[in-house]
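Listed in order, the protein sequences are those of chains A and B. Heads up: the first sequence begins at 0 in numbering that gives the first Met the number 0, then just goes up one per residue. Heads up: the second sequence begins at 0 in numbering that gives the first Met the number 0, then just goes up one per residue.
Hints listed in this document are in silico derivations from the structure and should not be mistaken for laboratory results.
On the chain A side, residues computed to face chain B include the following (Cβ under 7 Å):
1. Arg104
2. Pro138
3. Ala148
4. Pro177
5. Trp198
6. Ala203
7. Pro205
8. Ser216
9. Glu218
Using C-beta positions, here's what the derived DEER-type ranges look like:
10. B:Glu84 <-> A:Asp115: 49 to 57 Å
11. B:Ser73 <-> A:Ala51: 55 to 63 Å
12. A:His12 <-> B:Asp17: 46 to 54 Å
13. A:Ser1 <-> B:Glu84: 55 to 63 Å
14. A:Lys178 <-> B:Ala42: 39 to 47 Å
15. B:Ala118 <-> A:Pro102: 42 to 50 Å
16. A:Gly161 <-> B:Gly161: 42 to 50 Å
17. A:Met207 <-> B:Glu114: 31 to 39 Å
18. B:His35 <-> A:Pro102: 39 to 47 Å
19. A:Pro200 <-> B:His35: 17 to 25 Å
20. A:Ala126 <-> B:Thr68: 54 to 62 Å
21. B:Ala258 <-> A:Ser38: 52 to 60 Å
Nothing here was measured: the structure is a model prediction, and the numbers come from that model. Heads up, the beta-carbon is just placed ideally off N, CA and C, and yes, glycines get one too.
There are 2 protein chains.
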Amino acid sequence: MSRLSFNQITSGHASLADAVNACVKRDVEWIAPWRHKLSAKPAEDARLIREAGLKISSLCRGGMFPAATAEQRSERIDDNRRAIEEAATLGAQVLVLVCGPAPDRDLDGARHMVEDAVAVLAPVARAAGVHLGIEPLHPMFAATRSVVATLEQSLKMAERFGSEIGVVIDAYHVWWDPKLYALIERASGNILGFHVSDWIPLLADPLMSRGMMGEGSIELRRIRAAVDLAGYTGPIEVEIFNEALWRKPVEETVRLCAARFEEHVV
Amino acid sequence: MSRLSFNQITSGHASLADAVNACVKRDVEWIAPWRHKLSAKPAEDARLIREAGLKISSLCRGGMFPAATAEQRSERIDDNRRAIEEAATLGAQVLVLVCGPAPDRDLDGARHMVEDAVAVLAPVARAAGVHLGIEPLHPMFAATRSVVATLEQSLKMAERFGSEIGVVIDAYHVWWDPKLYALIERASGNILGFHVSDWIPLLADPLMSRGMMGEGSIELRRIRAAVDLAGYTGPIEVEIFNEALWRKPVEETVRLCAARFEEHVV
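Here chain A stands alone, though its shape is the one from the complex (with noise of 0.2 Å):
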């Protein structure tokens, strides 16, 4: 249990502060925030998460770069670098990189933008002393929030890089996968974070249509395994997006994510 960690927008009406209390009152060590739900001072954010007794396990998110224009592109990039710069103020490891559609029908251009932003930003992560992590997200998603599809994909991105960038595993995202356990044995290295959740019937939005570990399709603890034999050993994040638990009250919510991880994950 000492790997779980509560990602915030399991309850997504919940303030840092409620989520932190919550993660406190069911001996949850860790706890990865959303950028959304910080202060105008990241560092009274992390004061209270680290007066708390918490650790970060990582900082979502950065991402969302193509763009139509150069000028928009370059707004992605530098809404980035204050990405990379709250991480480091909050003590975050790893920012979180959904890198976001396609502006138009052209996914090849849009996969070098991608690339071309994360390569900018490489150096200014490195310098921060932040990893980013490239996840890849369902194909479901190509269409409004990644071009980045596949594990294979994400790892090919990450392997042009120092040890600065890699990968974040959600299992909702891609277990799926025909080639999902070999590829996560190359990933062995580059893993930044591992995510779970399960996949049930697709909901009225899609984005909102994750389930509780248990609940669904996913051979959670087999992945699991997966991930471990590659050699990540590091905080294991619980990431529901789901209408129904947050209306739940976080530490409610909190004490079902323990359960459910004991059960199916670890």
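Let chain A serve as the given structure and place chain B on it in line with the hints.
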């Protein structure tokens, strides 16, 4: 336009006779019937289609192989033997395979069941003069419709067999794949069919969320050109699952398919 084929599911409420008549009126030369729309006497369906002057691009569909027990798997294979017979009776060169979901969380086990079933059916298909087209489905359907989720995976299966087994490429299912164009090139000689529609925002039922060509995110003309280059010169099926489209008169739907096909595909 001589390559346009009207996949019957694009007007899901129309009878085979109505779909055939609509194709004739709109000068569409090919049709892809679905098994559940056939009569009890496929020979009569064959005559209906032939006498209307239409050719058949494929029969939809066989597959659905994985099941919890050996008895159930054997029943699925028997159903596919019947589908092969129906295809032969219709004069359809290709039976499309939607391979089916796993009966539990063991995706790899289900994938082996698919491979075993295809190995049993390959000689049956060869003897009947029917080709089996393994269609990878979008990973969004991995839990509900097919454990075959990528073109690479379906190609690896097809490459183990002779010309009686190949792949069917549906742009909706594969457009997001970072390796798409390399895989289409590799598929040269193994492509048994090519389907088009478009990716639009997901609706309440993801299965019924396909758009008309030009409405969505898919770079259709580029994919079509790549399939051409790989040597596939056969019919191109328009296959759109969409309830709003189903409510239109079939002749109107065929007209719309032909117009958008010309505008966005060829």
